[in-house]
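Single-letter residue listing:
Number of protein chains: 6
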Amino acid sequence: MTTETPPTALDLPMVDPLPEETQKYFDICVEKLGMVPNVLKANAFDIAKLNAFTGMYNDLMLAESGLSKLEREMIAVVVSSINRCFYCLVAHGAAVRQLSGNPQLGEMLVMNYHVAPLDARQRGMLDFAAKMTTASATIEEADRQALRDVGFSDRDIWDIANVAGFFNMSNRVASATAMRPNDEYHAQFR
Amino acid sequence: MTTETPPTALDLPMVDPLPEETQKYFDICVEKLGMVPNVLKANAFDIAKLNAFTGMYNDLMLAESGLSKLEREMIAVVVSSINRCFYCLVAHGAAVRQLSGNPQLGEMLVMNYHVAPLDARQRGMLDFAAKMTTASATIEEADRQALRDVGFSDRDIWDIANVAGFFNMSNRVASATAMRPNDEYHAQFR
Amino acid sequence: MTTETPPTALDLPMVDPLPEETQKYFDICVEKLGMVPNVLKANAFDIAKLNAFTGMYNDLMLAESGLSKLEREMIAVVVSSINRCFYCLVAHGAAVRQLSGNPQLGEMLVMNYHVAPLDARQRGMLDFAAKMTTASATIEEADRQALRDVGFSDRDIWDIANVAGFFNMSNRVASATAMRPNDEYHAQFR
Amino acid sequence: MTTETPPTALDLPMVDPLPEETQKYFDICVEKLGMVPNVLKANAFDIAKLNAFTGMYNDLMLAESGLSKLEREMIAVVVSSINRCFYCLVAHGAAVRQLSGNPQLGEMLVMNYHVAPLDARQRGMLDFAAKMTTASATIEEADRQALRDVGFSDRDIWDIANVAGFFNMSNRVASATAMRPNDEYHAQFR
Amino acid sequence: MTTETPPTALDLPMVDPLPEETQKYFDICVEKLGMVPNVLKANAFDIAKLNAFTGMYNDLMLAESGLSKLEREMIAVVVSSINRCFYCLVAHGAAVRQLSGNPQLGEMLVMNYHVAPLDARQRGMLDFAAKMTTASATIEEADRQALRDVGFSDRDIWDIANVAGFFNMSNRVASATAMRPNDEYHAQFR
Amino acid sequence: MTTETPPTALDLPMVDPLPEETQKYFDICVEKLGMVPNVLKANAFDIAKLNAFTGMYNDLMLAESGLSKLEREMIAVVVSSINRCFYCLVAHGAAVRQLSGNPQLGEMLVMNYHVAPLDARQRGMLDFAAKMTTASATIEEADRQALRDVGFSDRDIWDIANVAGFFNMSNRVASATAMRPNDEYHAQFR
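Chains as they are written, first to last, in the working numbering: chain A, 1 to 190; chain B, 1 to 190; chain C, 1 to 190; chain D, 1 to 190; chain E, 1 to 190; chain F, 1 to 190.
Errors might be hidden in some of the hints.
What the hints assert, rightly or not - Listed below are the simulated PhoX-like cross-link pairs for lysine-lysine, each with C-alpha atoms no more than 25 Å apart in a straight line:
1) K24(C) <-> K131(D)
2) K24(E) <-> K49(F)
3) K49(C) <-> K49(D)
4) K69(B) <-> K24(B)
5) K69(E) <-> K49(F)
Just so you know, these hints were derived from the structure itself, not from any lab. These figures come from a predicted structure and were not determined experimentally.
Let the sequences and hints guide you as you build the complete structure.
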């Protein structure tokens with residue numbers, strides 16, 4: 001791992017050796033995903049920061065929710081498309097292709113979600129995430145009510161808001177640090 | 001605590017009773033701040049989410065860093081000003097007034113940071129945070145180098161990026177859920 | 001008055017001595033407001049300009065109108081918020097706090113008027129002022145009719161348009177000249 | 001004068017009869033310009049407002065200044081072009097054609113001032129007016145210094161700022177009220 | 001033709017002598033329009049490019065269509081107004097004045113089409129062309145249906161889209177190359 | 001060919017049977033590309049329009065030029081990325097992957113060309129194409145000179161401008177008509 005391209009443009013080498021628990025987590029990543037995602041390596045110069053990041057990420061994307069894992073990835077991609085974040089579009093575009101089994105859906109969400117054939121629920125969810133990304137200050141009760149009208153609970157709305165919020169954070173951190181997506185993502189699930 | 005105004009427009013009551021550790025944390029807030037910030041109450045419908053939030057928040061804003069606590073709050077306010085987040089401007093505007101001992105600096109950062117008399121380091125830091133907020137996709141090496149040129153290390157740049165990123169998340173979650181700032185902030189440190 | 005900070009970044013000293021009538025006007029300001037607002041000092045290098053400014057300002061903000069003085073100040077703050085004018089937000093934010101007796105309303109209008117709890121009349125008024133500020137070329141009859149529908153007369157619409165227009169002027173002059181708000185405003189009516 | 005098209009979309013008839021002094025002023029307009037500009041008729045429902053408007057207008061556009069009358073009209077047209085104000089583009093576009101004797105210059109400023117062949121002084125002046133119109137909150141000392149560097153005094157900068165500010169007001173009032181330019185302007189000085 | 005001002009800022013002289021067919025085409029232009037439009041001279045450094053341009057232009061603007069020639073010129077002017085293309089506004093503004101016999105309509109479309117008194121068909125057509133120009137990625141079936149609702153066929157929609165598309169191309173080429181409109185246009189049909 | 005999904009949302013069936021020459025052209029497409037690109041089918045309801053389109057397209061993208069075919073496709077993708085045109089991103093993204101032999105370059109240009117490692121020539125070319133797409137009215141001689149400074153001739157600048165212009169047209173036509181990219185593109189050259 002020593003001579004590989006660093007995960008960002010910042011000179012912040014990983015703690016070496018990694019603590020046992022972190023190393024175990026990275027080993028699981030390799031086993032399940034075939035790689036350690038660069039966002040994890042980028043945080044691994046400070047294990048407290050890495051743990052804070054994975055704590056929030058795993059709660060948002062993997063914990064139980066009224067939103068399916070695919071739906072959470074769809075939000076990730078639409079937010080990242082508006083913010084034009086290369087890292088997140090590559091990584092989460094692959095996830096949408098995988099979870100949906102529909103490579104063209106992944107491409108549509110990466111390029112312009114308006115062209116995707118979506119039901120009212122998913123379209124409403126993505127419109128809310130898009131408005132949060134471009135004009136959050138103008139969100140009012142009518143926007144939340146529109147989500148309730150297509151079947152989302154208040155708990156679901158919290159989850160939509162927090163997933164959309166999270167990628168508005170991670171998109172910006174990735175772009176600010178020139179984070180590089182792992183090569184493996186590009187050809188996956190085409 | 002049962003009859004007070006809820007912290008957001010979503011119907012997500014706090015876990016009742018709170019787990020002992022959470023209750024202790026909230027008690028410390030009351031002791032130190034005179035209140036439990038509404039962002040904590042808003043998350044307290046699900047203790048795992050609350051812990052993920054406070055884990056990341058406390059690491060970013062309170063852990064050791066090349067950025068002072070005031071500087072991190074300055075970033076918070078400038079990002080929140082661009083995103084016009086009422087909750088964060090009220091809460092973190094008060095923090096800038098407190099930590100700087102300069103109420104007018106707080107107002108300048110809330111209203112338009114271009115009018116604040118800042119040294120090159122802090123101006124560079126805020127310009128980077130502002131660019132991350134409005135045009136993160138166009139950030140390139142020259143932007144990072146500009147930070148190095150006014151004295152920031154790569155580790156500092158990581159911290160600037162992550163604080164600015166965090167408020168781009170929390171601003172949007174607060175606006176999306178109509179989060180209300182505690183009344184106590186308004187008159188503080190004027 | 002000779003050694004104080006000048007009211008703008010331009011080197012344009014006040015006429016010295018001031019004409020009697022102007023001096024009387026400034027004395028009344030001190031008596032009523034505790035200060036001479038810097039916008040008046042900034043104009044006082046040329047008494048004809050000062051008189052033209054106060055003539056228009058006093059007619060708009062103080063003459064009889066279907067809009068209350070508070071409503072005119074609310075428009076001032078919302079326009080100034082969109083334009084991010086430090087001078088006008090400080091001065092007229094204080095006026096909204098004073099006239100409404102509601103400091104939080106003042107803060108809401110300074111930060112993001114979408115979060116303020118307003119009736120249909122005042123919301124319609126502020127939406128019109130906001131559209132005039134950001135997209136005046138797209139205003140059409142439907143926008144004026146919306147104001148009539150919430151109870152405004154054509155005369156009221158003229159007044160809304162002219163108050164909103166005026167602050168689109170004065171915001172820009174203040175920003176272009178780095179006009180400084182008097183220190184007294186910051187702590188008032190909190 | 002009773003059956004003609006009203007000057008705006010608002011039902012605000014002129015005071016009838018006009019006060020003697022106002023009637024005299026309007027008669028001079030007819031004599032010199034061949035018409036009473038509709039902006040004056042629009043204000044004439046309230047003579048105090050008309051006088052405040054003409055007081056400020058005449059001081060800005062006609063009083064002595066380091067800016068020529070043509071230069072002030074050039075600012076008027078460039079600001080009005082950015083704001084897409086039909087009334088002001090028609091009226092002040094004609095003024096630029098007249099005062100410059102160069103109909104194509106008038107058209108260039110109406111359509112896109114970037115294509116006009118201008119010296120550094122006039123280009124700097126118009127760039128400052130344009131920035132005031134689109135991004136006034138970002139103006140800083142460097143912008144003012146750029147004007148000094150092409151020969152403007154601080155007094156000139158005040159005049160540039162106030163003329164540009166004024167049309168940011170009158171553009172918005174004209175668009176908000178659907179003010180119609182007099183027919184006479186269209187074919188003048190082609 | 002050798003000493004005249006070149007049609008663009010690029011040093012790309014016309015083929016000399018022109019091929020017989022091209023010369024004949026240019027002679028017809030002089031006969032009918034009193035000039036060879038500079039856009040043709042600008043392309044005439046490469047006859048294949050000139051022919052491709054005129055082939056597309058003539059099909060779009062002159063071939064049979066459910067849109068009148070005036071309507072196609074109206075689209076040209078509205079698109080060019082949004083893009084602020086000096087060349088196209090001058091040339092096609094003149095065409096609207098000529099074909100409509102209404103010089104003020106030409107000015108309205110050049111300056112701000114929102115002020116023009118239009119029927120629902122023409123307003124819908126121009127709104128669609130404007131949306132194509134500023135936010136094409138957000139066009140959806142509802143936008144096309146709105147055109148059908150005011151009487152356009154699918155074939156008409158194709159023509160609207162292609163005329164609006166064409167001027168989004170030619171506006172940008174003209175601005176990118178500093179293309180100069182022929183002097184003759186300015187005073188025509190006033 | 002009768003039962004397949006139509007190439008756009010408009011009901012404009014292809015001429016049937018196609019003229020012999022057109023059929024031959026389509027057969028060559030199938031032979032070379034494995035499909036008839038939907039943009040050709042979309043135009044084939046009117047053979048004159050199809051010929052005008054292919055005439056211009058083939059001259060721009062295939063004729064001799066100082067720009068390589070890859071460079072022209074790079075411009076196509078960057079313009080289409082800014083305009084978020086699904087059809088063109090899919091079709092021309094595949095072309096960049098093919099011609100460069102670098103799938104990641106294709107993805108970078110689709111998602112955010114700022115992250116692509118480019119030499120000064122290609123970066124300058126794409127910056128110019130991007131400025132033409134977002135702010136063509138502000139292009140001035142300095143922008144053209146910047147292209148000359150990295151080695152482009154005036155003839156090359158014409159070609160850059162016309163390729164960038166062309167995709168600003170075709171992006172908008174594709175979005176306006178909901179043009180669907182052929183399925184074959186998605187998995188190509190990954």
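Could you grab the alpha-carbon distance between K69(E) and K49(F) and see if it respects the 25 Å cut-off? Holds - the C-alpha atoms of K49(F) and K69(E) are around 17 Å apart, at most 25 Å.
Against the 25 Å threshold, does the CA-CA distance of K69(B) and K24(B) hold or violate the hint? The hint holds at about 24 Å.
Compare the distance between the alpha carbons of K24(E) and K49(F) with 25 Å, and conclude whether the hinted pair is satisfied. Holds: K24(E) and K49(F) sit about 24 Å apart, inside 25 Å.
Next pair to validate is K24(C) with K131(D); report whether the Cα-Cα distance is within 25 Å. Measuring from Cα to Cα gives roughly 37 Å; hence the hint is violated.
What's the verdict on K49(C) and K49(D), does the C-alpha distance respect the 25 Å limit or exceed it? 17 Å, holds
In the structure shown, a violation is registered for the earlier hint numbered 1 alone.
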